[in-house]
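Protein chains: 2
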Amino acid sequence: MNLDQTDRKLLSLLQEDAKRTTKELSMQLGLSKTAVYERIRKMEREGVIRQYTALLDREKINRAFVVFCHIRLTQHTKENVAEFEKQVVSLHEVQECYHVSGDYDYILKIHVANMEDYRNFMVTKLTDLKHIGNTHSIFMIGEVKNSSVIEVGARNKT
Amino acid sequence: MNLDQTDRKLLSLLQEDAKRTTKELSMQLGLSKTAVYERIRKMEREGVIRQYTALLDREKINRAFVVFCHIRLTQHTKENVAEFEKQVVSLHEVQECYHVSGDYDYILKIHVANMEDYRNFMVTKLTDLKHIGNTHSIFMIGEVKNSSVIEVGARNKT
DNA sequence: GTTCATGGTGAATATTTTTCAGCAAGTTGA
DNA sequence: TCAACTTGCTGAAAAATATTCACCATGAAC
Chain B
586 MNLDQTDRKL
596 LSLLQEDAKR
606 TTKELSMQLG
616 LSKTAVYERI
626 RKMEREGVIR
636 QYTALLDREK
646 INRAFVVFCH
656 IRLTQHTKEN
666 VAEFEKQVVS
676 LHEVQECYHV
686 SGDYDYILKI
696 HVANMEDYRN
706 FMVTKLTDLK
716 HIGNTHSIFM
726 IGEVKNSSVI
736 EVGARNKT
Chain F
586 MNLDQTDRKL
596 LSLLQEDAKR
606 TTKELSMQLG
616 LSKTAVYERI
626 RKMEREGVIR
636 QYTALLDREK
646 INRAFVVFCH
656 IRLTQHTKEN
666 VAEFEKQVVS
676 LHEVQECYHV
686 SGDYDYILKI
696 HVANMEDYRN
706 FMVTKLTDLK
716 HIGNTHSIFM
726 IGEVKNSSVI
736 EVGARNKT
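Residue numbers (this note's numbering), protein chains in the order written: chain B, 586 to 743; chain F, 586 to 743.
Derived by calculation from the structure, the hints in this document are not laboratory data. Just so you know, even glycine gets a beta-carbon here, dropped at the ideal spot from N, CA and C. Just to be clear, a hint being listed does not mean it is correct.
Calculated lysine-lysine pairs in the DSS-like style (CA-CA distance at most 30 Å, straight line) [unchecked claim]:
1) B:K730 to B:K645
2) F:K618 to B:K730
3) F:K594 to B:K594
4) F:K604 to F:K627
5) F:K671 to B:K608
6) B:K671 to B:K715
7) B:K710 to B:K671
8) F:K594 to B:K671
9) B:K627 to B:K608
10) B:K627 to F:K715
11) F:K608 to F:K594
12) F:K645 to B:K663
13) F:K730 to B:K645
14) F:K604 to B:K627
15) F:K604 to B:K594
16) B:K604 to B:K645
17) B:K645 to F:K604
18) F:K730 to B:K671
19) B:K663 to F:K730
20) F:K645 to B:K618
21) F:K671 to F:K710
22) F:K608 to F:K627
23) F:K618 to B:K608
24) F:K730 to F:K604
25) B:K608 to F:K645
26) B:K618 to B:K594
27) F:K627 to B:K608
28) B:K604 to F:K671
29) F:K715 to F:K671
Simulated restraints, written as ranges between beta carbons of each label pair [said to hold, decoys possible]:
30) B:H684 to F:T619: 45 to 53 Å
31) B:G615 to F:E681: 30 to 38 Å
32) F:S617 to B:M612: 39 to 47 Å
33) B:N665 to F:K608: 44 to 52 Å
Take the sequences, apply the hints, and build the full model.
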């Protein structure tokens, strides 16, 4: 799918606020409502837009304590990796999990209420996962930037 | 603000898909459309729901190369920290930036198209930032989990 | 017992989304 | 060159949704 300037602008506006109406968008882009509507539907169909979501205030839902937990596995067999990943996905405290290069194999972003809950999570859940060798926790002191908008690249793969 | 079981369920549904209609939500929750509508509006007013956004496919917008860049500052004066943070926020490649505990001061999550673009970013932009001491890049090999849904905690601060 | 505050309902109204018929420009191939 | 086709647009109409409103029940406060 090839995204033109209008598509990119549209994506930028929808990332900022997905509740914008086609009428509002059409005025900003200088197009008809239907034209905008069709472009959005197309990007949804093609999977450029994956999902619409509501972003919550972590403080207000009691999940302000964020930890980056680096994890090294004991052994990197296919089975171990698959089993570990499957288990990690099922932990609701684990907001994100990436397989990464470097000293550690995985980085987990974990959202809990406070240090006590994090300790509980470590002791009762994370430690139970199989094949975990070593962990290293980095605590978030402050959030400087967390943008919901990804700049859309001009050139694209087919 | 106190969130009851219905609010939490509502938040969970809206995080999964913010485009769900009040009608659909009302059926799932066993309430009237208006009751659901009022609950949502209240959570928007109170700031529990911060924003609605469209999530894009990083591959399809040519931003599939993700790097976690750890940064240490040379000196931690108020001025340096403020200046650094201000500059970082303005870089569109930097999707997220956290002030953290540990060996490094900041973790940046950076989205670009490929290694070449990352190199360019490092050389022409990141290195230009003042007060940067040391950096360490960790490359994302795979995304195991990236959930748009944060579990909502039961108890809340006022 | 009256007065509030809270959270609900169903109907009416305002807005928005979605569909549809058609138009114009550009491409393709005989 | 011209018919056939594709693409992306427009404006109006229809369908669905959001929003407002008047009103009801419940429980707490005084």
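Hints, one by one, checked against the model:
Pair hint K730 of chain B plus K645 of chain B holds up; C-alpha atoms about 18 Å apart against a cutoff of 30 Å. Between K618 of chain F and K730 of chain B, the direct Cα distance comes to roughly 36 Å. Violation of the 30 Å bound is thereby established for this hinted pair. Simply put, K594 of chain F and K594 of chain B have alpha-carbon atoms about 33 Å apart, too far for the 30 Å limit, and the pair is violated. A threshold of 30 Å between alpha carbons decides the hint, and for K604 of chain F with K627 of chain F the separation of about 18 Å falls inside it, so the pair holds.
With a C-alpha separation of about 35 Å, the suggested pairing of K671 of chain F with K608 of chain B is violated against the 30 Å cut-off. For the hint pairing K671 of chain B with K715 of chain B, the CA-to-CA distance comes to about 11 Å; that is within 30 Å, so the pair holds. For the proposed pair K710 of chain B and K671 of chain B, the alpha carbon gap of about 14 Å is at most 30 Å, so the pair holds. For the hint linking K594 of chain F to K671 of chain B, the alpha-carbon distance of about 25 Å falls within 30 Å, and the restraint holds.
For the proposed pair K627 of chain B and K608 of chain B, the alpha carbon gap of about 17 Å is at most 30 Å, so the pair holds. With a C-alpha separation of about 43 Å, the suggested pairing of K627 of chain B with K715 of chain F is violated against the 30 Å cut-off. Restraint check: the Cα-Cα separation between K608 of chain F and K594 of chain F comes to about 15 Å, which is no more than 30 Å; the hinted pair holds. Distance restraint check for K645 of chain F and K663 of chain B: the Cα-Cα separation of roughly 28 Å lies within the 30 Å cut-off, and the hinted pair is therefore satisfied.
A hinted pair counts as satisfied when its Cα atoms are at most 30 Å apart, and K730 of chain F with K645 of chain B qualifies at roughly 24 Å. The straight-line distance between the Cα atoms of K604 of chain F and K627 of chain B is roughly 16 Å, inside the 30 Å bound, and the hint therefore holds. Restraint check: the Cα-Cα separation between K604 of chain F and K594 of chain B comes to about 20 Å, which is no more than 30 Å; the hinted pair holds. A hinted pair counts as satisfied when its Cα atoms are at most 30 Å apart, and K604 of chain B with K645 of chain B qualifies at roughly 22 Å.
Of the pairs offered as hints, the one joining K645 of chain B and K604 of chain F holds, with about 22 Å between alpha carbons and a cut-off of 30 Å not exceeded. At most 30 Å may separate the alpha-carbon atoms for a hinted pair to count; K730 of chain F and K671 of chain B meet this at roughly 10 Å. A threshold of 30 Å between alpha carbons decides the hint, and for K663 of chain B with K730 of chain F the separation of about 18 Å falls inside it, so the pair holds. At most 30 Å may separate the alpha-carbon atoms for a hinted pair to count; K645 of chain F and K618 of chain B meet this at roughly 25 Å.
This hinted pair checks out: K671 of chain F and K710 of chain F have alpha carbons roughly 14 Å apart, not beyond 30 Å. The straight-line distance between the Cα atoms of K608 of chain F and K627 of chain F is roughly 17 Å, inside the 30 Å bound, and the hint therefore holds. About 24 Å separates the Cα atoms of K618 of chain F and K608 of chain B, which keeps this hinted pair within 30 Å; it holds. Between K730 of chain F and K604 of chain F, the direct Cα distance comes to roughly 22 Å. Compliance with the 30 Å bound is thereby established for this hinted pair.
Distance check on the hinted pair: K608 of chain B and K645 of chain F sit about 26 Å apart at the alpha-carbon level, within 30 Å; holds. Straight-line distance between C-alpha atoms of K618 of chain B and K594 of chain B comes to about 15 Å, which keeps the hinted pair within the 30 Å bound. Proximity of K627 of chain F to K608 of chain B is assessed by CA-CA distance (about 25 Å); at most 30 Å being required, the pair is judged to hold. With a CA separation close to 29 Å, the supplied pair K604 of chain B and K671 of chain F stays within the 30 Å bound.
Among the hinted pairs, K715 of chain F with K671 of chain F is consistent with the structure: their alpha-carbon atoms are about 11 Å apart, no more than 30 Å. Restraint check, H684 of chain B to T619 of chain F: a C-beta distance of roughly 46 Å satisfies the suggested window 45 to 53 Å. Taken as a hint, the range 30 to 38 Å holds for the pair G615 of chain B and E681 of chain F, whose Cβ atoms sit roughly 33 Å apart. Take S617 of chain F and M612 of chain B: their Cβ atoms lie about 34 Å apart, and the range 39 to 47 Å is violated.
Roughly 46 Å separates the CB atoms of N665 of chain B and K608 of chain F, a value that falls within the hinted 44 to 52 Å.
Comparing the model with each numbered hint stated earlier shows that hints 2, 3, 5, 10 and 32 do not hold.
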